[in-house]
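Participant: Single-letter residue listing:
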Amino acid sequence: MPLLQPLGRTFLGGLEAIGRVALFTLRAVLMAVQPPYYPRLILKQMIEIGYYSLPVVGMTAIFTGMVLALQTYTGFSRFNAETAIPNVVVISITRELGPVLAGLMVAGRIGAAMAAELGTMRVTEQIDALTTLSTNPFKYLIAPRLIAGLTMLPVLVAVADVIGIFGGYLVSIYKLGFNPGTYLANTVEFVEFLDIFSGLVKAGVFGFIISLMGCYHGFSSRGGAQGVGKATTNAVVTASILILISNYIVTELFFSR
Amino acid sequence: MSGDLKIKVRGLCKSFGRKVVLNDLDLDVPKGQSLVVIGGSGSGKSVLIKCIIGLMKPEKGSIEIDGQEVLGMSAAEREEVMRKFGMLFQGGALFDSLPVWENVAFGLIAGRGAKRREAKEIALRKLGAVGLSPEVGELYPAELSGGMQKRVSLARAIAAEPEIIFFDEPTTGLDPIMSQVINELIKKCVDDLGATALSITHDMHSLRVIADRAAMIYDGRIIWNGDAGEIDHSGNPYVEQFVQGRSEGPIKMPVRHL
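From first to last, the protein sequence lines are chains A and B. The opening residue of the first sequence carries number 1 in the working numbering; numbering runs sequentially from there. The opening residue of the second sequence carries number 1 in the working numbering; numbering runs sequentially from there.
Worth flagging that the hints you see were computed from the coordinates, not collected in a lab. Mixed in with the good hints there might be a few duds.
For lysine to any residue, the following SDA-like pairs were computed, each having C-alpha atoms within a straight-line distance of at most 20 Å [to be verified]: (1) A:K230 <-> A:V21; (2) A:K44 <-> B:Y140; (3) B:K84 <-> A:P137; (4) B:K31 <-> B:E161; (5) B:K187 <-> B:H205; (6) B:K50 <-> A:G224; (7) B:K57 <-> A:P137; (8) B:K57 <-> A:F24; (9) B:K60 <-> B:I222; (10) B:K187 <-> B:G147; (11) B:K57 <-> A:D128.
Model the full structure from these sequences, guided by the hints.
Facilitator: Set out below in structure tokens:
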């Protein structure tokens with residue numbers, strides 16, 4: 001009995017948390033599609049997520065592409081299959097590494113910032129103040145962040161794809177001695193629309209998850225500085241885990257036979 | 001009687017877990033008057049004001065604004081009622097991402113769709129009304145002192161010329177001179193607008209300046225109410241202990257000996 005009690009409590013607590021997130025998501029989406037809209041705030045969030053995340057996402061992508069080419073060469077040279085390197089690089093980057101790594105990096109940068117900002121607004125009564133000023137906090141704070149996350153992550157991932165492939169190209173040409181023309185021709189010939197499209201769909205899903213978790217944890221934070229710190233940690237951890245889980249689900253939907 | 005009342009609260013109950021904060025509370029705020037509710041820390045003052053504004057949902061009871069029941073209203077109806085309200089928060093609750101003038105004009109721009117230029121003019125006029133120059137309008141809240149932040153918050157509360165203004169501990173954390181400045185500004189702004197005011201405080205000096213009527217909350221209920229001038233001769237032992245600031249009396253503070 002003493003063993004079952006905490007187990008049951010944890011299970012019920014988990015269900016309760018899922019219910020709270022589901023209701024929050026439903027309310028956020030409903031509010032996002034209803035006027036009034038705040039284009040100025042949406043643009044601000046788009047710049048924050050899209051433009052200011054470019055350096056970190058770009059750095060991640062270029063080194064990932066470079067390492068990928070190097071490691072693939074080490075493995076494939078044992079089977080005299082070096083010519084498959086451009087194919088492996090482009091498929092890996094567009095389908096998986098581009099969206100997942102960009103998603104995780106943005107979760108750390110943007111998810112944490114959203115949770116900290118909204119959490120501070122919550123504990124300093126700024127969110128209550130919004131309500132007293134006839135402004136719906138869901139429309140004013142949450143909707144712009146969700147829209148910006150959903151739209152800007154695919155843009156970021158598209159850029160990351162190009163940079164990542166370029167990273168693989170650099171290593172292949174200058175270190176492994178590939179012919180530039182052949183490398184590019186192989187890359188273009190091998191990649192399919194679905195490879196890129198599935199990656200961009202994943203990016204949209206990840207962007208939504210990052211904004212949702214940042215907003216949810218920030219909005220629900222309680223108890224001063226400690227509460228805000230906890231909200232920030234939870235936002236990054238839950239967004240990262242959900243990115244990995246949803247990555248598998250979207251991959252199944254696109255590529256399962 | 002209900003026609004003369006701006007706010008009418010009946011049988012309000014609110015608890016957090018097992019802790020009962022408001023226990024069958026009744027309160028009347030007559031139209032055009034300034035009512036100050038006093039009470040110790042944790043007595044339920046803030047919860048009362050948050051329930052009336054709609055930031056918290058009570059478990060039971062009735063809240064009428066202008067004779068209209070507000071509990072159970074739809075979100076759109078609630079937003080309409082909210083337009084009658086202005087609120088000065090204890091900590092100011094200024095938006096730190098916006099400059100001062102935009103804070104003051106926020107309700108006009110985001111809540112009522114006013115044009116930014118017109119809203120800015122109104123905001124600068126309201127800042128002038130609380131003794132702040134137009135240059136302050138371009139600063140950010142973090143660049144202001146506590147007293148200035150309270151004044152900006154007051155300007156924001158009155159910017160849309162609300163019918164009812166709520167003041168949550170308006171002088172907490174201020175020095176006595178700045179407290180008096182804020183009290184006098186509150187009195188002037190409420191009188192100029194002809195608004196109804198509901199304040200909560202534990203500052204007796206504040207009560208003496210801004211209140212027409214006073215009430216005391218204890219143990220989740222209003223245990224006394226009357227004209228502000230009567231508070232020193234209320235005949236209620238709880239009120240007398242609070243007003244005189246005595247540690248001995250019917251109100252017991254749980255203090256552990258060292």
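Participant: Run every hint past the structure and note whether it holds.
Facilitator: Tested hints:
Taking the CA atoms of K230 of chain A and V21 of chain A, the gap is about 17 Å. The hint holds against a cut of 20 Å. Under the criterion of a C-alpha separation no larger than 20 Å, the hint pairing K44 of chain A with Y140 of chain B is consistent with the structure, at around 18 Å. Of the supplied pair hints, the one linking K84 of chain B and P137 of chain A holds, its CA atoms being roughly 18 Å apart against a limit of 20 Å. Restraint check for K31 of chain B and E161 of chain B: the C-alpha separation of about 15 Å stays at or below 20 Å, so the hint holds.
A C-alpha spacing of about 13 Å is found between K187 of chain B and H205 of chain B, which places the hinted pair at or below 20 Å, so the restraint holds. A distance of roughly 19 Å separates the Cα atoms of K50 of chain B and G224 of chain A; the hinted pair therefore holds under the 20 Å criterion. Among the hinted pairs, K57 of chain B with P137 of chain A is consistent with the structure: their alpha-carbon atoms are about 17 Å apart, no more than 20 Å. Under the criterion of a C-alpha separation no larger than 20 Å, the hint pairing K57 of chain B with F24 of chain A is consistent with the structure, at around 17 Å.
With a C-alpha separation of about 16 Å, the suggested pair K60 of chain B and I222 of chain B falls inside the 20 Å cut-off, and the hint holds. With a C-alpha separation of about 16 Å, the suggested pairing of K187 of chain B with G147 of chain B holds against the 20 Å cut-off. A hinted pair counts as satisfied when its Cα atoms are at most 20 Å apart, and K57 of chain B with D128 of chain A qualifies at roughly 13 Å.
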